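All chains should be modelled from the sequences, with the hints used to inform the complete structure.
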Amino acid sequence: MTNDTRLRRCTPGDESALALVGGATFLETFAGILDGEAIVAHCRHAHSVEQYAAWLASGDHAAWLLECRPGGAPVGYMVLAPAQLPLPDTTGDLELKRIYLLDRFRGGGLGTQLVSAAIAHAAGAGARRLLLGVYAHNASAIRFYERTGFTRLGERRFRVGNEDYDDHIMGRVLGA
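First residue of the sequence shown: 0, per numbering that gives the first Met the number 0; consecutive thereafter.
Think of the hints as simulated: they come from the structure by calculation, not from any bench.
In this text the structure is predicted, and so the values were computed from the model without any measurement.
The C-beta atom is built at its ideal place from N, Cα and C for all residues, glycine as well.
Treat the hints with care, as some may be off.
Have a look at the derived ranges for each label pair, beta carbon to beta carbon [to be verified]:
| # | residue 1 | residue 2 | range |
| --- | --- | --- | --- |
| 1 | R68 | V172 | 29 to 37 Å |
| 2 | A53 | G106 | 28 to 36 Å |
| 3 | G123 | G35 | 18 to 26 Å |
| 4 | R151 | V48 | 30 to 38 Å |
| 5 | G107 | R7 | 17 to 25 Å |
| 6 | E154 | A40 | 20 to 28 Å |
| 7 | G123 | Q83 | 14 to 22 Å |
| 8 | P69 | A40 | 15 to 23 Å |
| 9 | T10 | N161 | 34 to 42 Å |
| 10 | P69 | D34 | 35 to 43 Å |
| 11 | D3 | N161 | 38 to 46 Å |
| 12 | I32 | E154 | 15 to 23 Å |
| 13 | A40 | G123 | 35 to 43 Å |
Put into structure tokens, the structure is as follows:
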């Protein structure tokens, strides 16, 4: 789907839009895969206005909103932060903590636009690698990241509610 969209860097005041699209895309992605009550509880905490406000105020997180025009409705987003993944050495790495698009906006190159912007920001910030975690059973997301130059580096467990889920840790070396 091709749309008239705008990708913009978030500033304090964008936390409500981030929380809305963050919760919506998490629900859309994991409904029917994860427990429904656990998804609601997870979104209440991990996608709260307060969580995004803290990240925007922290100075070490950077977020972008993808907005559909006309109207500026948020349809996707991404958040980058210093890497906090269980790998031997993440010194100088950035983590793509969140990257999601509403389903009806997938397939038209907008995901690639988000990843390209993340790579450009990380490289411009002097990061050694851009890392991310992806649900191990999300084959389409894994293929997408592989097409954009990411390779599998390790594993981690991701807790939602009372259940642990497997994530692949993927990374892309930046620079020469």
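Cross-check of the supplied hints:
The supplied range of 29 to 37 Å is met by R68 and V172, whose beta-carbon atoms lie about 35 Å from each other. A hinted range of 28 to 36 Å for the beta carbons of A53 and G106 is consistent with their spacing of about 33 Å. About 40 Å separates the C-beta atoms of G123 and G35, a value inconsistent with the hinted range of 18 to 26 Å. Roughly 34 Å separates the CB atoms of R151 and V48, a value that falls within the hinted 30 to 38 Å.
Evaluation of the 17 to 25 Å hint for G107 and R7 yields a pass: the beta carbon distance comes to about 18 Å. In this structure the supplied range 20 to 28 Å holds for E154 paired with A40, their Cβ-Cβ distance being about 24 Å. Between G123 and Q83 the beta carbons are some 21 Å apart, a value that agrees with the proposed interval 14 to 22 Å. Remark: the range hint 15 to 23 Å for P69 to A40 is contradicted by a beta-carbon distance near 35 Å.
Look at T10 against N161: about 36 Å separates their beta carbons, and that is inside 34 to 42 Å. In this structure the hint that P69 and D34 lie 35 to 43 Å apart at CB holds, the actual value being about 38 Å. The hinted window of 38 to 46 Å between D3 and N161 holds, with their beta carbons roughly 43 Å apart. Remark: the range hint 15 to 23 Å for I32 to E154 is upheld by a beta-carbon distance near 18 Å.
At roughly 36 Å, the beta carbons of A40 and G123 sit within the given window of 35 to 43 Å.
Checked against the numbered hints above, the structure breaks hints 3, 8 and satisfies the rest.
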